[in-house]
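Undergrad: Throw the hints in and build the complete structure from the sequences for me.
There are 2 protein chains.
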Amino acid sequence: MSVNKNMPKMTMPEPTLRRLPWYLAYVRLLERRNIEYVSSTQISKEINVDASQIAKDLSFLNIKGKTRIGYEVSMLVKELTDFLGFKSRHTAFVIGAGSLGAALMQDSGLSQYGLNIVAGFDVDPKLIGTHVGGIPIYDMAQLAQRQQEYGATIAILSVPVEHAQEATNVIVSAGLKAIWNFTPFRIKVPDDIVIQNTSIYAHLALIYNRMSAKMK
Amino acid sequence: MSVNKNMPKMTMPEPTLRRLPWYLAYVRLLERRNIEYVSSTQISKEINVDASQIAKDLSFLNIKGKTRIGYEVSMLVKELTDFLGFKSRHTAFVIGAGSLGAALMQDSGLSQYGLNIVAGFDVDPKLIGTHVGGIPIYDMAQLAQRQQEYGATIAILSVPVEHAQEATNVIVSAGLKAIWNFTPFRIKVPDDIVIQNTSIYAHLALIYNRMSAKMK
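From first to last, the protein sequence lines stand for chains E and F.
Under the numbering used here, the first sequence has 198 at position 198, and the numbering climbs by one with no breaks.
Under the numbering used here, the second sequence has 171 at position 171, and the numbering climbs by one with no breaks.
Calculated directly from the structure, the hints in this document are not laboratory data.
Remember, it's a predicted structure, so these values are computed and weren't measured experimentally.
Hints may contain errors.
Note that identical chains are pooled: a pair holds if it fits in a single copy or bridges any two copies.
Said to hold, decoys possible - Straight-line distance between alpha carbons at most 27 Å, and here's what the computed BS3-like set of lysine-lysine pairs gives:
1. 78 to 188
2. 66 to 214
3. 214 to 87
4. 56 to 188
5. 45 to 66
6. 87 to 126
7. 214 to 126
TA: Right under this line is the structure:
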């Protein structure tokens with residue numbers, strides 16, 4: 001399994017982990033502009049996070065800023081990319097190759113962040129045996145067998161909500177280790193399975209509500 | 001502009017707003033199973049939220065549960081769908097019709113949640129003038145003109161990170177009201193513009209990190 005070996009043993013607070021990709025996005029931008037050094041104060045101005053918080057967050061990484069000069073941009077890009085696991089390769093299956101699932105299979109951006117989608121799964125006979133973005137779609141009944149074959153560790157869950165828990169149970173018994181849940185359903189898993197909920201449709205409700213509030 | 005008229009004047013706490021789509025997903029499931037009533041205790045068992053919290057959350061809606069019987073499922077589906085704005089139509093542009101942008105244009109699921117993507121925009125001459133999922137892709141330079149034409153209010157931002165702020169400025173001056181930011185960049189907007197960040201790639205870092213922690 002390809003997990004980042006550079007990850008330190010200490011546990012990083014989740015809010016820090018959520019901020020690191022913001023810093024990475026910004027310092028990648030600086031790198032493209034051939035800027036060599038950046039201070040936490042400069043990052044702070046762009047990102048809207050306190051400079052002291054940024055310095056604290058970055059102290060979890062294997063990098064030190066220089067007084068009055070700041071961090072070396074290329075080192076910061078490298079350390080953040082490594083730390084966030086974007087350089088490692090993680091093998092993933094898409095479970096539910098309908099609209100959103102098929103869309104994710106076609107998003108080549110994911111592979112730039114370390115995620116290799118190698119197969120899709122569905123129960124629809126019209127989808128089974130076809131390809132999306134060059135990636136084969138198999139029968140859901142073959143999940144355990146294909147997991148052995150591909151060694152996938154991450155399942156991207158994009159089935160209709162009424163099948164979310166049932167599909168989750170199949171994923172868990174097939175031996176996958178993490179579920180990236182794109183359904184709005186609160187799936188239940190054993191303690192040793194990692195879950196990340198990304199309910200993009202639920203975010204729409206937040207947008208609509210805020211728009212409505214601004215119009216009052 | 002199509003904003004939900006049923007939205008109450010009082011401000012709902014954001015954590016409540018984030019939980020409502022979970023309840024909706026579950027009660028839709030019950031509706032499909034022809035179940036007529038559900039109590040907050042039953043929802044609690046499925047969703048892993050305190051029953052008293054659920055009752056409190058649902059008290060923001062125009063619906064009352066009956067003692068010992070609970071909420072009428074069909075009413076709950078209707079009220080939640082209305083309240084969350086999923087029944088209204090919101091017109092959206094995709095800004096940046098690359099990999100993720102094109103994927104979102106092909107996700108018909110979004111229209112089920114009230115979002116109509118009517119056009120995509122890009123600066124790449126190879127993309128301008130083509131269609132993705134039947135939706136036209138226009139030159140980014142036409143954004144203001146097309147906004148007038150379509151009356152779009154929501155911009156889905158899926159440009160490369162180095163163009164995120166620049167594209168945001170164009171979106172704001174074209175008169176759109178909300179930006180659904182799929183880039184990991186912390187864009188800056190005037191106070192009257194709604195922002196929702198959905199950095200799906202950043203969620204990958206959370207998954208990798210938790211997987212690594214579970215393996216220790």
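Undergrad: The structure should be examined with respect to each hint, and the outcome stated for every one.
TA: We went through each hint and held it up to the structure:
1. 78 to 188: between (36 Å within a copy, 26 Å between copies)
2. 66 to 214: Classified as neither; 44 Å inside a copy, 34 Å across copies.
3. 214 to 87: Answer is between; shortest inter-copy Cα gap is 19 Å, intra-copy 41 Å.
4. 56 to 188: Between copies only: 23 Å across, 34 Å inside.
5. 45 to 66: within (19 Å within a copy, 53 Å between copies)
6. 87 to 126: Neither way: residue 87 and residue 126 sit 36 Å apart in one copy and 30 Å across, limit 27 Å.
7. 214 to 126: For residue 214 and residue 126, the Cα distance exceeds 27 Å both inside one copy (45 Å) and across copies (38 Å).
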